[in-house]
Amino acid sequence: MPKTKANSEEEGKSPSIADLAAQIPTLDQPITSKKPIIDVKNLNKNFVVGKNTINVLKQVDVQIFPEEFIVILGPSGSGKSTLMNSILGLEPPSTGKVIVKGANLADKKPNVLTKFRFKFFGIVFQRPEWIRSLTVIQNVAMPLAFNNVPKAERHKRAMEKLAAVGMEDHADYYPTELSGGQQQKVTLARALINEPDIIVADEPTGNLDTKSADRVMNMFKDLNEKQHKTVLMVTHNIDYVRYASRTIYIRDGKVVHGADQFMVV
Amino acid sequence: MRLSYTLFISATNLRRRVLRSVLTIGGMAIGIALIVFLISLGFGLQVLVRNQITNVEALSILDVTKGESTLLKLDKDVVNQFQQIDNVDNVSPSLSLSGQVVNGESVTDVAIYGIKADFLSIEGVKPTFGDSFSALDAAEIMITTTALDLVGMADFEGAVGQEITLKVLVPVKIEGSEQEDLVSKEVKTKIAGVLTSSDELALAYMPMDYLISLGFEPTYTQAKVQVSGLGSEDFSVAKVQVTDQSKLPEVRKQIEAMGYQVDSVADTVGQIDKIFLVFQIVVSGFGAIAMFVAALGSLNTLTVSLLERTREIGLMKSLGATSGDIYRLFLVEAIVIGMTGGIIGLGLGYAIGEGVNYGLNILAHRLGGESVDIFYTPFYFVLAIIAIIFFISVFTGFYPARRAAKINPLDALRYE
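Just so you know, the sequences run in chain order A and B.
Just so we're aligned: the first sequence equals residues 1 to 265 in this note's numbering.
Just so we're aligned: the second sequence equals residues 266 to 681 in this note's numbering.
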């Protein structure tokens, strides 16, 4: 049965309360006339483990607008990954709705949902995931193959995306031959292959040293600022709040507001 | 997901685990090779034995005799009646006599058949040396090498055109009674052709009209009585040729209803076919066991591969692969394993058969025997094997493919 992920990493040193307070934007909602690209309404998610029912998400209401850089911040087991998976349609809601681009995900059949996800989302996992028998470029091009893009075009587009993350020289390596930072860059290239509007990343720097992590984070920032992608990043690392245009704080399955946000960190 | 991409992914996966792939495909190949080898041997022996007995034409021929009956007649009128039966192509009567071939001091017994012109073609007899009869009433003989050998004429080719003395034993009615007696008469005939008999029988053919004409000689009155009776010859055997082998039982029934005894080479061949069918079934049984083991190997490989690639399946699903894509991926992988193994096995089984055959023929040559083909792989059998392999592959692929398709991408990505 699905369970929220146990996060084994040590949390970074806690900065002082004053520093944190300065970093936290005061508004829970951006001032915008745009319609939300992602609208999570009254979302509850329960997991049944044995005889116990665990409420992982409780009455979550989140609106994400185009071109925002959202960091979902919360400690391990807070339900932030479950929220992300619900937004991706990988986790069906127990009650409530997840509306992406005006469509309720729960109304879609699995295969339609798969194609929908491919169309609008680029996904970066915490741990780089590969088809180990394929080379870097073949891995990057793979999502296009699922959608019947011809081979020559797949290759061309994959090469462009690899170049965008500075990994074009490693196209013919096998992913497992690369370092963690390099792998995560390639994952980012793969997430961009379908030109998605929204980039979703679950602890993308979780396995990286600080230097590599900064490089990867700057790429996300560029994507958000230069290519106008909506970025949705899940992390437990308070340092990344500085990249965000808005931070959503989550604790014990609830989105927390105002002064309670200090409790999260 | 296109089939070409599915094939590509399967191929890269098989290459990634080279040893495992080779062992699994090898298992399949050995299973198929065993089946192809054994069944080809069965077919080969069957064809060999059938060819020893008869030619294809002989399968459409019925031998009609009077059997034990003394009341039935087998004469021109009856022959014409046979000719009237539907699907009867040709009826050629013959009469058989006992005789002896004499060459100087050497004498040997031969069976002599008086025949009509078309009898030879129906019987499928062709002279090895010389030719057929020059005329339908010529004093000529076609004789087997075995008979010539027995009378010391080893130069078969040179024997053609030579004269040879024949002592014919004809049944003669003893005057004043219904009893018959055998009387020996000598005639000189020219050897028109020399035949090779695979059964090493001493026999000879002569034109029927000539034998009848002999009966008009005063010394052959008795023969005439026997052979031509009251202006109508009574044949010992009538060969009935049917237009189509499948019509044989029908015609046979009709002739048997008339009281005649009917024999056919097809009877013997049918029995041989039955024996070989049993052989093939037994051999197929062993082959099926080998295939079953190979299929289990393939199933095992696919299941292990499925477990190993759980995370990859989750990844593919989260990146836009549908459950159908994943299902086809595993099914195609099963088919790739099966078909690769199967085609290698086909080639291997065929090659081993040919190799064994080649070896046997070298041995046969050294020992003075003839070359034979004891392996025969009919094309339809190759097609059937390919179809069976395909079926087995798909069958072994079903279970892993279904399991893979059902995997929840989130669970898969958490799988360690």
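Hints listed in this document are in silico derivations from the structure and should not be mistaken for laboratory results.
Accuracy of the hints is not assured; some may be wrong.
Which bits of chain B does chain A cover? Going by a derived footprint, with three or more residues having C-beta under 8 Å, they are [said to hold, decoys possible]: (1) 399-412; (2) 549-563; (3) 669-680.
Just the calculated beta-carbon pair ranges, DEER-fashion [unchecked claim]: (4) A:97 <-> B:680: 24 to 32 Å; (5) A:226 <-> B:561: 14 to 22 Å; (6) B:656 <-> A:53: 46 to 54 Å; (7) B:282 <-> A:127: 36 to 44 Å; (8) B:649 <-> A:168: 49 to 57 Å; (9) B:291 <-> A:225: 55 to 63 Å.
All residues carry an ideal CB built from backbone N, CA and C; glycine is no exception.
*asked:* If you test the structure against every hint from before, which numbers come out violated?
replied: Numbers 1, 2, 5, 7, in rising order.
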